[in-house]
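Engineer: The task is simple: from the sequences and hints, build the whole structure.
Spelled out, the chains give:
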Amino acid sequence: MTIEKKGWVALAALALAGCGLAGEGEPSEAQRGDGTDTIELAEFPDRPYWGDTHLHTDISVDAFGFGVRLGAEDALKFARGDKVTATTGMEAQLDRPLDFLVISDHSDAMGATRRLYDAPRMLVRDPTLRRWYDMMHESPEQSTRAVAELITAAANDEIPEALRDPARQAAATRELWDTHLAMLDRYNRPGEFTAFAGFEWTLMPDGNNLHRVVMFRDGSVKTGQVVPFPGLDTTPEQLWDYMEAYEANTGGRVLAIPHNSNLSNGMMFDLVGPDGGAMGADYARRRARYEPVVEATQIKGDSETHPFLSPNDEFAAFGVAGWELGNLPLTRKSTPEMYAGSYVRSALLRGLTLEQQMGVNPYAFGLIGSTDSHTALATGDEDNFFGKHTGNEPREDRAMAGQNLGTRVGRFGWHYLAGGYAAAWARGNTRAEIFDAFMRREVYATTGPRMVLRLFAGFDFAEDDWDGDWVRAGYTRGVPMGGDLEDTGRAPVFLISALKDPDGANLDRVQVIKGWVDANGQAQERVYDVAWSDMDGERRRVGGKVPAVGDTVIRREASYENSIGAAELRATWRDPDYRPGQRAFYYVRAIEIPTPSWVLFDARRFGFDLPSEVVEANVIQERAYSSPVWLRPRRGPGDAPRIMDQG
Amino acid sequence: MIRTLVRDPLAHFLLAGAAIWGALALIGDPVDPASRMIELSRERQAGIALGFERMMGRPPTDAEMDAAIARWVREEVLYREALRLGIDQGDAVVRRRLATKMDELAGAEAEVVRPSDAVLERWLADNAENYAAGGAVSFAQAFFPNEKAAREALGAMQPEGTPISLPKSVEAMELTEIEAVFGREFASGLASLSTGEAWQGPVRSGFGWHLVRLDRRTAGRVSDLESIRDRLEADWRSATIAERRKRAYEVLRAAYSVEVE
Numbered sequence: 001m002t003i004e005k006k007g008w009v010a011l012a013a014l015a016l017a018g019c020g021l022a023g024e025g026e027p028s029e030a031q032r033g034d035g036t037d038t039i040e041l042a043e044f045p046d047r048p049y050w051g052d053t054h055l056h057t058d059i060s061v062d063a064f065g066f067g068v069r070l071g072a073e074d075a076l077k078f079a080r081g082d083k084v085t086a087t088t089g090m091e092a093q094l095d096r097p098l099d100f101l102v103i104s105d106h107s108d109a110m111g112a113t114r115r116l117y118d119a120p121r122m123l124v125r126d127p128t129l130r131r132w133y134d135m136m137h138e139s140p141e142q143s144t145r146a147v148a149e150l151i152t153a154a155a156n157d158e159i160p161e162a163l164r165d166p167a168r169q170a171a172a173t174r175e176l177w178d179t180h181l182a183m184l185d186r187y188n189r190p191g192e193f194t195a196f197a198g199f200e201w202t203l204m205p206d207g208n209n210l211h212r213v214v215m216f217r218d219g220s221v222k223t224g225q226v227v228p229f230p231g232l233d234t235t236p237e238q239l240w241d242y243m244e245a246y247e248a249n250t251g252g253r254v255l256a257i258p259h260n261s262n263l264s265n266g267m268m269f270d271l272v273g274p275d276g277g278a279m280g281a282d283y284a285r286r287r288a289r290y291e292p293v294v295e296a297t298q299i300k301g302d303s304e305t306h307p308f309l310s311p312n313d314e315f316a317a318f319g320v321a322g323w324e325l326g327n328l329p330l331t332r333k334s335t336p337e338m339y340a341g342s343y344v345r346s347a348l349l350r351g352l353t354l355e356q357q358m359g360v361n362p363y364a365f366g367l368i369g370s371t372d373s374h375t376a377l378a379t380g381d382e383d384n385f386f387g388k389h390t391g392n393e394p395r396e397d398r399a400m401a402g403q404n405l406g407t408r409v410g411r412f413g414w415h416y417l418a419g420g421y422a423a424a425w426a427r428g429n430t431r432a433e434i435f436d437a438f439m440r441r442e443v444y445a446t447t448g449p450r451m452v453l454r455l456f457a458g459f460d461f462a463e464d465d466w467d468g469d470w471v472r473a474g475y476t477r478g479v480p481m482g483g484d485l486e487d488t489g490r491a492p493v494f495l496i497s498a499l500k501d502p503d504g505a506n507l508d509r510v511q512v513i514k515g516w517v518d519a520n521g522q523a524q525e526r527v528y529d530v531a532w533s534d535m536d537g538e539r540r541r542v543g544g545k546v547p548a549v550g551d552t553v554i555r556r557e558a559s560y561e562n563s564i565g566a567a568e569l570r571a572t573w574r575d576p577d578y579r580p581g582q583r584a585f586y587y588v589r590a591i592e593i594p595t596p597s598w599v600l601f602d603a604r605r606f607g608f609d610l611p612s613e614v615v616e617a618n619v620i621q622e623r624a625y626s627s628p629v630w631l632r633p634r635r636g637p638g639d640a641p642r643i644m645d646q647g
Numbered sequence: 001m002i003r004t005l006v007r008d009p010l011a012h013f014l015l016a017g018a019a020i021w022g023a024l025a026l027i028g029d030p031v032d033p034a035s036r037m038i039e040l041s042r043e044r045q046a047g048i049a050l051g052f053e054r055m056m057g058r059p060p061t062d063a064e065m066d067a068a069i070a071r072w073v074r075e076e077v078l079y080r081e082a083l084r085l086g087i088d089q090g091d092a093v094v095r096r097r098l099a100t101k102m103d104e105l106a107g108a109e110a111e112v113v114r115p116s117d118a119v120l121e122r123w124l125a126d127n128a129e130n131y132a133a134g135g136a137v138s139f140a141q142a143f144f145p146n147e148k149a150a151r152e153a154l155g156a157m158q159p160e161g162t163p164i165s166l167p168k169s170v171e172a173m174e175l176t177e178i179e180a181v182f183g184r185e186f187a188s189g190l191a192s193l194s195t196g197e198a199w200q201g202p203v204r205s206g207f208g209w210h211l212v213r214l215d216r217r218t219a220g221r222v223s224d225l226e227s228i229r230d231r232l233e234a235d236w237r238s239a240t241i242a243e244r245r246k247r248a249y250e251v252l253r254a255a256y257s258v259e260v261e
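Just so you know, the protein sequences line up as chains A and B, in that order. The opening residue of the first sequence carries number 1 in the working numbering; numbering runs sequentially from there. The opening residue of the second sequence carries number 1 in the working numbering; numbering runs sequentially from there.
Keep in mind that the hints were calculated from the coordinates and are not lab data. For glycine and all other residues, C-beta sits at the position ideal for the given N, C-alpha and C. Zero decoy hints are in this set.
Cross-link-like lysine-lysine pairs, in silico, DSSO-like; alpha carbons within 30 Å at most:
{"hint": "1", "chain 1": "B", "residue 1": "101", "chain 2": "A", "residue 2": "77"}
{"hint": "2", "chain 1": "B", "residue 1": "246", "chain 2": "A", "residue 2": "77"}
{"hint": "3", "chain 1": "B", "residue 1": "168", "chain 2": "B", "residue 2": "148"}
{"hint": "4", "chain 1": "A", "residue 1": "545", "chain 2": "A", "residue 2": "514"}
{"hint": "5", "chain 1": "B", "residue 1": "246", "chain 2": "A", "residue 2": "83"}
Selected chain A positions facing chain B (in silico; Cβ < 10 Å):
{"hint": "6", "residue": "26"}
{"hint": "7", "residue": "27"}
{"hint": "8", "residue": "38"}
{"hint": "9", "residue": "47"}
{"hint": "10", "residue": "50"}
{"hint": "11", "residue": "452"}
{"hint": "12", "residue": "467"}
{"hint": "13", "residue": "497"}
{"hint": "14", "residue": "498"}
{"hint": "15", "residue": "499"}
{"hint": "16", "residue": "501"}
{"hint": "17", "residue": "567"}
{"hint": "18", "residue": "568"}
Structural biologist: Take a look at the structure:
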C-alpha cells in the first residue's frame, strides 16, 4: 500500500466516524453563558449547595506522579454521583452527589509529569528528571517518592529547567486547557450540576504554602481566552493582575481562594506588605476584592485556629496535629510566633486591626472547606475516604505509614483529615448563582458532614421570629453570613440555626466566635456557647462551662449511636459584650457529637489494631464554620466606600 | 434537497472530509523539510502575540515580542532539522502525540458541531431511561423527635409537630432533592405511603419521626427535546466523540493484521 493510499484510508475512517453531522453551530449556553435565566430561582437562597472547589486529576504534576490515572471526565462523573473505577481498581461512588465542582489542577507544569512519564528514557537528559523518570516507572512507592522530591525542589527553587521553560509549557497548557474547558461545558447542567473552570496557583517560597485555587464564573467562550497562570516565579499581585485583565478583557468574573494557610509558616496572612514594609491600602483592597473566601479545612489539616492562639477554646485543636510542625515539605519548621499568620481566626482579627489603621480590611473573607484530593475523587466522608493521593487510596498500611511529605518528623497518614466540603447559599444551582454566593461570602465550611447552617444578623430580631417565616425575616431585616452590619449603637442580635446532616450525626453545640479590637487597640477573641443539646435538662452549665455531650463511639466497630445530641439547635443571640463603636466579626461554629474518623473505619475494614493514642485521636467532633458577619463603625460622610460596595 | 443531502452518506463523507482538512489546516502550515525559507506571516505573529497575552493578561512589549518570535524561529529551525534528520521516526513521544492527534481529529468535529433536532430526537429515543425524571412528590409533613409522640398525634386532623428547619410542605419535589433535604431514610420511607388526605406514618428520618400527608406523586416521564436540549447535546457529544474514536480506529485497524509472537 502506498503512503497516499494509506492516507486515504485514514481519512475515510475519520470521515466515516463523522457521519450524521450538520455544520458548526452557535456556542451552547454552557460555553457562552453563566447559567443566568436557565432555571427558575428561589426568592431567597433556600438550601445550601454542596461542592468541592479543590480537586486534582491526572494533569496535575504531583497527582500524576502520585499515581492517579483518572482525568477530568471521571472526576466530573464521580462528583455528580456516578460510579467510577478508582486508579487502584476499586469501585468508587459518593453516598450523595455533589452539586458543584471546581477541578483545580496545578497551573505549573500542567501535564508535565504525564508527558515525562510517556517520554522515551533516552530523551530525558536532565539527570534529576531522569532519576524521577526511573522512579516513576519503577513502582508506585518510588513514584510517590519522586513527587515528594519534586515538591521539595519546587520549594527550594530547584525545579529542572526543562520543566519550567515557559514557552514549552504555554503551548502544552493551551492544548490541555481547551480540551478541559470543552469537557466542563458538557458536564455543566443548570439546576442539576455545576462544573466550574479553575486551576491551582502554586506559589511556594521556601516551601511555605501560599497556594490559591482560582475559580471562574464563565464558560469556555470567556475562559478559553486565557490559560492558567503559573505560580512559580510569580507573585500574588501578578495573579491579581491576571485576574483583573481577565475580567476587563472578557467581561467575565474570577476569584481566588487561599488554602492551607496552616502550612504557610505565617506568610499567608501577614501583617506587613509583600516587600516587608507596611501593607498598602491598594494591596489590601485588591486582596479583599479578588480573595473573598478562604478554604479553612481540607485533607491537609484544619486552619480555623490553633490552641496556642486560642488557649480558652477547648475545640481549637481539630486537625492541627502533625500539620503544625512546619511548612508543606517540612523544609522549614514552624515556631509559635508564626501561627497568627497561618490560621484563619487570627487572620480575621488582623484584618480588623489593619482596617482600623488604614481603612481597608484585607482579610474580610468568608470560609469554605474542600478536599484537595489528588485522586480525581472528591470524597469527604469518613467511611468513604479515598486518600490524599493515589498512593494512599484505601489499603491496610495507609493510616500508620509516614507521609510522603515529612515522613520522619512526625506527620503520619492518620493526620490526614477525610476532607471538607463547601456549602453555598444560592437561589439555584448555576455557575452565576454559586459564584455570586462566593463573592458575597454567603458560604460556609464543613469538615465533611452536610449540616445546614443559617446565620442572620440584625438589630431587632426576637425569639418570636422563629414562629413565622424566619428566613424571610432574616433576609429582609438583617444580613446573612458574609454580610456587613453598620453599627447603630445597639447590640447586634443573631438568628442562628444548625440542622444536622440528614444522614449524619446529631449536634453537640453551636457557638458564636467573636473577634474584636478593644479600646486599647488590642485584638480579642471569645467563644460563646449559644445552644446545645439538652441545655434545659441534664446539660446545664457548670461553673460557666457546658458539660461534654458524651461519647457513643464504639471504637472497634467504627460506629456510634445518635442517642445523644440534637437534630437541630437554634439560638436568638444578643452580643452581651457589645460596646458602641467596636469593630468586630462574628461567626458560628456548629459541632457534631463524637464520631469515628476514617482511620477507625480503616482499622475495622482491614482488621488491624491501632495504638490506643491513635484510636483516641480519631474519635472526632466534626464541625461547620460559617462565614463571619462584620460589625463596622458607622461611616462618616467623608469616608471612602467599602470594598463590598465596590463589588 | 437539503433533506436528501442530510441523509446522503456521500454528503457526510465529503463534509467530514472538508472539516478534517480544515482541522488539519488549523494545526499548522505544512512544512517542506527541504525548505530553508522561514516566513513569519502576520497571522503567525498575531498568534504568538495572542499566546503571550493569554498567559500574561496583557499584550507583549516590543522586546517581549522579539523574544517570543526568536523562540518561535528557534523552535521552527530545530523542528525542520529534526524532520530532515528523520528524528520523528522511532520516537515514542512523537508516535504517541500523532496517535493522540488522530484520536482528537476523529472526535474534533463533534466538539463543535450542532446536532440537528433529528439527531437529538433519535438520541433521546435510544436513551430514554436516562432522561426520565426520577419522579416528584408533593407532601406535607409534621416532625416529632420520637416515635411515641408521632403516633399520638396521628389521629389529629392537622398534627402539630415540633419546630424544625425543614419545609412543612413541598410542591413536586424531585426524589433526589428530597434525599438532599430530608435524607435518604425519609425518601425511601415515602415509597410505602399512598396518596390521599389522611396523615400517615410515622416515617423515620435522620432527624426523628414524621407524619406525612402525601398529596400527589408525579410519575417520572421522559422529558421533551426542547426542555433538555443542552443536556442532550452535551451527552450526545460525549458519547459521539467516544464512538467516533472507536469507529475510526476500527476502520483503520481492519486494514492491519497483527501477529503477537
